[in-house]
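A.B. asks: What follows is the residue order along each chain.
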Amino acid sequence: MATATKSLKKQGNDLAQSNRQLEILSNGIFKSGELPTFKDKISETSQFPLKAKKLEILQINVGYMCNQVCDHCHVDAGPDRKEIMTRDTMRQCLEVIKNSGAHTLDLTGGAPEMNPDFRWFVEEAAKAGIKDFIVRSNLTIIRANKKYYDLPEFFKKHNVHVVSSMPHWTRGKTDKQRGDGVFDKSIKALQELNAVGYGMPGSDLKLDLVYNPSGAFLPGDQAAMEKDFKKALMEDFGIEFHNLFAITNLPIARFLDYLIASENYEDYMYSLVEAYNPAAVENVMCTNTISISWDGYLFDCDFNQMLELPVNSKSRHVSDFNEELLEGRNIVISQHCYGCTAGAGSSCQGVVA
Amino acid sequence: MSKPYYDAADLRKFGKITEWSEELGNKFFDYYGKVFEEGALTAREKSLIALAVAHTEQCPYCIDAYTKDTLQRGITKEQMMEAIHVGAAIKSGATLVHGVQMMNKVNKLDG
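Protein chains in written order, with the numbering used here: chain V, 1 to 353; chain X, 1 to 111.
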């Protein structure tokens, strides 16, 4: 993959349009019947319609702005994206956080730290006493500008669980996916997180890494990858972390653009369908998660948010959030969902089966 | 343009060999699956061996399959190339060691 400097949206690329992506995912090999649609596949095991269970995770996307333009990004995030959650919407989210039964709050982006109200929001949200408070940090943001240098201390102060992307333990593979210099900055940021206690054995300051493949192939066994990452990062840089989550790249946005441009799209969809695991469907993350967009709308997951597929419920916005109405809703699906059910499954917390 | 003799998409149809000989095909795939499970060797080690053998056998389908498999296991391109060199060394060694037979024959005929 070659690293771009502009989002698909800024480039005026067709694939910035969610309906264009959905059209691709519904036509071709799926329309011809060469491969079964996701609906047909889960129907084989009587798992259609997929139903939402009790809400456990609130995932809030505080904006699509990012300091990086990663090749695989399903958000199509980048410095040129201007969609940012306002403090008013954050206030509405805080009401939901305080009143919801969810045990996990998961802040994502873009680079969530680039939202000007990020620190205020973290401080307020931490007061809700939610059990697991995750911030998805891309690591390089910590080294991007002096104003972010104290982020490790800030995270520690609010007992934030840091989950960070790290595509590989080698410089070449990391920089290929995420841009030149990303590996060195990420290593430095991890060392700084370690220095304040994050990721250390027995530490309550949780630091987990996310691995996602650098190309058109699926992730390998999560436990084996974790062992390799731990060994390499410790031997080469003295870095400690807790868990590695292996996440499958879903065929949407920039990763879809890459698959098509590199003529890997059909093979990749075949790989996903061949690796389909009905056991993973049982625990797929959309069944216990609500994803809230920068402008307050509700989605089954961050991927559906990017495809502009809203929840199938009367409660559609954070301003009229109704947990009872949302529970038991039918999950909105398309062929991208195969990404979460391949092999051991994939979620923002890694494997599910 | 004429159709190439090998078609990469044919690899997806490998499973169909059972359609014309179900019992033998199934036995083969059961055996194949078992071979690649974790055992005294790790699945990673087996994947690298398979990649090297795929090259010595010059099987384009196997090369595609095990290049992808090794990538999925996080194996680096340097490790992949070294594995292929192991296969190549055995192949060339197997050729060259027959030079001894040639030398024996020369010595017998013309020594």
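No lab work stands behind these hints: they were computed from the structure.
Given the structure is predicted, the values throughout are model-derived calculations rather than measurements.
Certain hints may be false.
List of simulated lysine-lysine pairs, BS3-like, C-alpha gap at most 30 Å [as the list claims (entries may be wrong)]: (1) 46/X x 188/V; (2) 68/X x 34/X; (3) 13/X x 39/V; (4) 146/V x 9/V; (5) 127/V x 157/V; (6) 31/V x 16/X; (7) 3/X x 39/V; (8) 68/X x 230/V; (9) 173/V x 3/X; (10) 176/V x 34/X; (11) 34/X x 6/V; (12) 31/V x 34/X; (13) 105/X x 227/V; (14) 31/V x 46/X; (15) 314/V x 51/V; (16) 188/V x 146/V; (17) 68/X x 176/V; (18) 146/V x 157/V; (19) 77/X x 227/V; (20) 105/X x 77/X; (21) 53/V x 314/V; (22) 34/X x 231/V; (23) 6/V x 157/V; (24) 173/V x 16/X; (25) 231/V x 68/X.
So the derived list for chain X, only partly shown, Cβ under 7 Å to chain V, looks like this [stated by the list, open to error]: (26) 12; (27) 13; (28) 17; (29) 18; (30) 73; (31) 74.
Every residue gets a Cβ at the ideal spot worked out from N, C-alpha and C, and that includes glycine.
A.B. asks: With the threshold set at 30 Å, check whether the alpha-carbon distance from residue 68/X to residue 230/V stays at or below it.
C.D. replies: 23 Å, holds
A.B. asks: What's the verdict on residue 231/V and residue 68/X, does the C-alpha distance respect the 30 Å limit or exceed it?
C.D. replies: 23 Å, holds
A.B. asks: Can the restraint linking residue 314/V and residue 51/V be considered satisfied, given a maximum Cα separation of 30 Å?
C.D. replies: 15 Å, holds
A.B. asks: For the pair we were handed, residue 68/X and residue 34/X, check the Cα-Cα distance against 30 Å.
C.D. replies: 19 Å, holds
A.B. asks: Measure nothing beyond the straight line between the CA atoms of residue 13/X and residue 39/V; if it is 30 Å or shorter, mark the hint as holding.
C.D. replies: Roughly 23 Å between the alpha carbons, so the hint for residue 13/X and residue 39/V holds.
A.B. asks: Given the hinted pair residue 6/V and residue 157/V, is their alpha-carbon gap at most 30 Å?
C.D. replies: 34 Å, violated
A.B. asks: Between the alpha carbons of residue 77/X and residue 227/V, is the straight-line distance 30 Å or under?
C.D. replies: With a Cα-Cα distance of about 19 Å, the restraint between residue 77/X and residue 227/V holds, given a limit of 30 Å.
A.B. asks: Given the hint that residue 173/V pairs with residue 16/X, test it: the Cα-Cα distance must not exceed 30 Å.
C.D. replies: It is violated: about 36 Å lies between the C-alpha atoms, which goes past 30 Å.
A.B. asks: What's the verdict on residue 31/V and residue 46/X, does the C-alpha distance respect the 30 Å limit or exceed it?
C.D. replies: 37 Å, violated
A.B. asks: Is residue 34/X close enough to residue 231/V, meaning Cα to Cα at most 30 Å?
C.D. replies: Holds. Residue 34/X to residue 231/V sits at ~28 Å (cutoff 30 Å).
A.B. asks: Can we keep the residue 17/X interface hint, with Cβ of chain V closer than 7 Å?
C.D. replies: 16 Å, violated
A.B. asks: Does residue 13/X hold up as a contact with chain V if the rule is Cβ-Cβ below 7 Å?
C.D. replies: At about 11 Å, which exceeds the 7 Å cut-off, the nearest Cβ of chain V leaves the hint on residue 13/X violated.
Violated hints, listed in ascending order, are 1, 7, 9, 10, 11, 12, 13, 14, 20, 23, 24, 27, 28, 29; each of the other numbered hints is respected by the structure.
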